[in-house]
Amino acid sequence: MPLRWGWVGLLIGLILVALLLAWLDSTLLRPLFPAPMMGAKRLELVRSEGSGIRLPPVGRRELVFYGFGPAGGLFSFWWFVTAGVGVALVALAALLALPGRARRAADRVTVAALPLMFAAGIATLFLGLALTVLLRVGFVLVSIVPFLYGLALLGAVFGVAALALAAGRWLQARLGPAPPLLAALAALLVLIDVSLVPVAGWVLLAVAAVTSLGLSVLTRVGSATGWSLDELNL
Amino acid sequence: MAAICVWAREQLEPLVDGDLEPAQVEVLRSHLSQCEACREHHAEASSLPTRLAVARAPEPPINLVRDVLRRVRADRVSPMHVWTPLGAELVLFLVALWYVAGFGGLVTLVQRTAADAGAVLGWGAGQADLPPPAAGDLFLLLVCGLLVATTLYHLTLLTRLGLRLS
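Chains A and B supply the protein sequences, listed in that same order. The working numbering applies: residue 1 is where the first sequence begins, and numbers increase by one. The working numbering applies: residue 1001 is where the second sequence begins, and numbers increase by one.
If you're looking for bench data, these hints aren't it; they were derived computationally from the structure. Given the structure is predicted, the values throughout are model-derived calculations rather than measurements. Just so you know, even glycine gets a beta-carbon here, dropped at the ideal spot from N, CA and C. Be aware that a few hints might be false.
A short list of chain B residues far from chain A (calculated; beta carbon distances all over 10 angstroms) [what the hints assert, rightly or not]: (1) 1005; (2) 1026; (3) 1037; (4) 1073; (5) 1089; (6) 1112; (7) 1113; (8) 1124; (9) 1127; (10) 1150; (11) 1154; (12) 1159.
To spell it out: a stretch of chain A is covered by chain B in this simulated footprint if at least three of its residues, at any positions, have a beta carbon under 8 angstroms from a beta carbon of chain B; those stretches are [unchecked claim]: (13) 75-88; (14) 136-145; (15) 161-172.
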């Protein structure tokens, strides 16, 4: 299948935007990121005075490029890059591992169904919280709680993959044919770019994650029969 | 039954419909002239279209449309049914949140649950003593039980509506 230049341009553009946003998040916008844990400190850049490249100022803030900083830490450039690459790879792995289920789940994604999926995701979150309290009192049953959370996480990952596949089809309709994994990757890059925008991007990422969880729940992880008990009769 | 009879009876319907080649018709007519049983089958097949044409179509019940519409409406899940449970869930969640003293209390509750789970799993692996059971709060359990019931009902409705949208 010959790949059109539009796809190449889109992918390169999305990757460049992601890298730029990751760099901005790790430098200029880093004060917006909260420290989620007491022990975790934001990684400070190792600056060598006078060795940076001066960039055009943003407002009254002076912007100097000191390199991409060391690997590791929290909210560093490489942390954003590896987190984004990790999300994309895990979602693509879900598509590779469960292609039939992902296709069936993606078939169910319509504009009208998205609010239902979001509502289902919210309901599932509430259900998880309530079960956490109930299972804790069950004492031995409390050991199930981590597995429930793990299942929810896997469901969200599968949902993100199915949503990316559906969004990839939407892109294919506009940019021409492309391999489904490549189209899904483009959609995942859009999600990563959006999530790298502070505050508004986090909200959109949370909405996408909850909708993905709801998609997995409503389609029973892309099962052919959905939530039907017919299989018990076979 | 002879093989020629099996073949002939398979060809009776195309013969009646006029779909056979002249050579095949010739062979079939020749067989029918010699085989009494196949001739009876042919007579039956020939008269079937006429009998079907004579038979009258049954009259539909007077209330057919009304009954079908009533069943469709009864099976429909309105947006009210979909979003109202979410309101109830939100109220129950806020009550629980208020009862555990806000988000800080909720985080503490989740942390304690994680610690309990780790302790029980550690006990199962023989690495730690069995921790004491957590004390349950009756009001919180009641609220969470209601929340579980509401969310399950809500998910059932959403699944039904989701199936219809696909």
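Status of each hint after checking the structure:
1. Against the 10 angstroms criterion, residue 1005 of chain B stays outside the reach of chain A, whose nearest CB is about 39 angstroms from its own CB.
2. Its beta-carbon lying about 50 angstroms from the closest one in chain A, residue 1026 of chain B satisfies the requirement of being farther than 10 angstroms from that chain.
3. The beta carbon of residue 1037 of chain B sits about 41 angstroms from the closest Cβ of chain A, which is more than 10 angstroms, so the claim that it is off the interface holds.
4. At roughly 19 angstroms, the least C-beta separation between residue 1073 of chain B and chain A is larger than 10 angstroms, which holds for a residue marked as non-interface.
5. Non-interface status of residue 1089 of chain B relative to chain A is broken: a Cβ of that chain comes within 10 angstroms, the nearest being about 5 angstroms off.
6. A Cβ of chain A approaches the Cβ of residue 1112 of chain B within 10 angstroms, the least distance being about 8 angstroms, so the stated non-interface status is violated.
7. At roughly 5 angstroms from the closest C-beta of chain A, the C-beta of residue 1113 of chain B falls inside 10 angstroms, breaking its exclusion from the interface.
8. Non-interface call for residue 1124 of chain B relative to chain A: violated, since the shortest CB-CB distance, roughly 7 angstroms, does not exceed 10 angstroms.
9. Residue 1127 of chain B, annotated as away from the interface, keeps every beta carbon of chain A farther than 10 angstroms; the closest lies near 14 angstroms.
10. Not every Cβ of chain A is farther than 10 angstroms from the Cβ of residue 1150 of chain B; the closest lies at roughly 8 angstroms, contradicting the non-interface assignment.
11. A beta-carbon of chain A is positioned within 10 angstroms of the beta-carbon of residue 1154 of chain B; the least distance is around 5 angstroms.
12. The Cβ of residue 1159 of chain B does not lie farther than 10 angstroms from every Cβ of chain A; its closest approach is about 5 angstroms, which violates its non-interface assignment.
13. Given as covered by chain B, the segment 75-88 of chain A fails the check, having 0 residues with a CB less than 8 angstroms from a CB of that chain where 3 are the minimum.
14. Interface restraint, the segment 136-145 of chain A with chain B: holds (7 residues with C-beta to C-beta distance below 8 angstroms; minimum three).
15. With 0 residues carrying a beta carbon less than 8 angstroms from a beta carbon of chain B, the segment 161-172 of chain A misses the three-residue requirement, and the given coverage is violated.
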